[in-house]
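Residue-level listing of the chains:
There are 2 protein chains.
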Amino acid sequence: MQLLEDRIRKDGIVKEGNVLKVDSFLNHQMDITLFQEMGKEWKRLYAEEKINKILTIEASGIGIAAVAAQYFDVPVVFAKKSQSINLDGSVYSAKIPSFTHQKVYDVIVSKKYLSPQDRVLIIDDFLANGCAIRGLVQILQEAGAQLCGVGIAIEKGFQDGGRELRSQGIRVESLAIIESMDAASGEIVFRH
Amino acid sequence: MQLLEDRIRKDGIVKEGNVLKVDSFLNHQMDITLFQEMGKEWKRLYAEEKINKILTIEASGIGIAAVAAQYFDVPVVFAKKSQSINLDGSVYSAKIPSFTHQKVYDVIVSKKYLSPQDRVLIIDDFLANGCAIRGLVQILQEAGAQLCGVGIAIEKGFQDGGRELRSQGIRVESLAIIESMDAASGEIVFRH
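If you read the sequences in order, they're chains A and B.
Going by our numbering, the first sequence opens with residue 601, and the numbers climb by one from there.
Going by our numbering, the second sequence opens with residue 601, and the numbers climb by one from there.
These are computed hints drawn from the structure, not numbers from a lab.
Do not rely on the hints blindly, as some may be mistaken.
It does not matter which identical chain is used: a pair holds within one copy or between any two.
Distance condition first, Cα-Cα at most 27 Å in a straight line; then the derived DSS-like pairs of lysine-lysine [stated by the list, open to error]: (1) K640 / K610; (2) K615 / K711; (3) K621 / K695; (4) K695 / K681; (5) K711 / K621.
Being a predicted model, the structure only gives us computed values, none of them experimental.
Whole structure, please, built from the sequences with the hints as guidance.
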């Protein structure tokens, strides 16, 4: 998606350790107009899929998923990190190792909000090693829900997550795929 | 706001300990169509305020704020809970005690995304004792940004947060204010 690639080139900051900071428009400050265009693009890509629910994971996925959901006219469920005393005991759960926070956390979704009748699009901001998405896929399997596909804003194509998910037959639509990036020069090469 | 009150009556569940569960439409599964109507109502209420940024806090506030921001045509910044290694050192921070998780956590906002030029609307899903909102107000004061008001989906009017904020001259617009609720009968009385 040209608009997103242009924005990453303009405002993304490449840091050592394969870190791409897009805090200014994607996952701390959020450019809602950009999110609208991303939502329209996922709707175009998944138009034929009869999606009736979007699943994402807190926190960075929520804003993108909420805005995108308008073009599908469906509710969003966000998976929660760690057990909240406000949730009933009856949840689907998966363990997800976090690269950013260097720990393993539990993500949970109430059994009330996923069922075998659901045709689900997973949306998230980043796809790198794929741990978060694999956790959500596992939750969908547990629920017996149909996974229609995955919508990612930025995929780090040089990490394994996207390849592994696609090799399992999962449709992954990433709006920008980074082939390589260089912290010293700041250069970002996109895959097309 | 009649639409929200009706929905709370229909789908909200009152539990012991002054807990109101609105998981099915507000803060786990999210009814985006409802969020659109809430966003339009805050825009109507704050139409004259020249708001240029919305501030919220992860995780439950993000979806509501992102959808509402469309009617203001402004970006959203969400305060993050606990320090992430992906954030630069340069942040505003506040300590917020969490009733739900029974601990104190740090919330942070990068200094890049708040400035004295900003006229900010704070949006969140719940207002009870007001700890989260007070933390965000403190961050805005640290940034020198102008607080134009607070938009809350559901205020627990029988707790002190709303009264304390308003007594400081802060404009708080809660779309539903609960005067009282009873776990045994499930009855909810709204303030008008």
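Here is how each hint holds up against the structure:
no.	hint	in the structure
1	K640 / K610	within (22 Å within a copy, 32 Å between copies)
2	K615 / K711	between (39 Å within a copy, 19 Å between copies)
3	K621 / K695	both (25 Å within a copy, 25 Å between copies)
4	K695 / K681	both (9 Å within a copy, 20 Å between copies)
5	K711 / K621	between (34 Å within a copy, 15 Å between copies)
Checked against the numbered hints given earlier, the structure satisfies every one of them.
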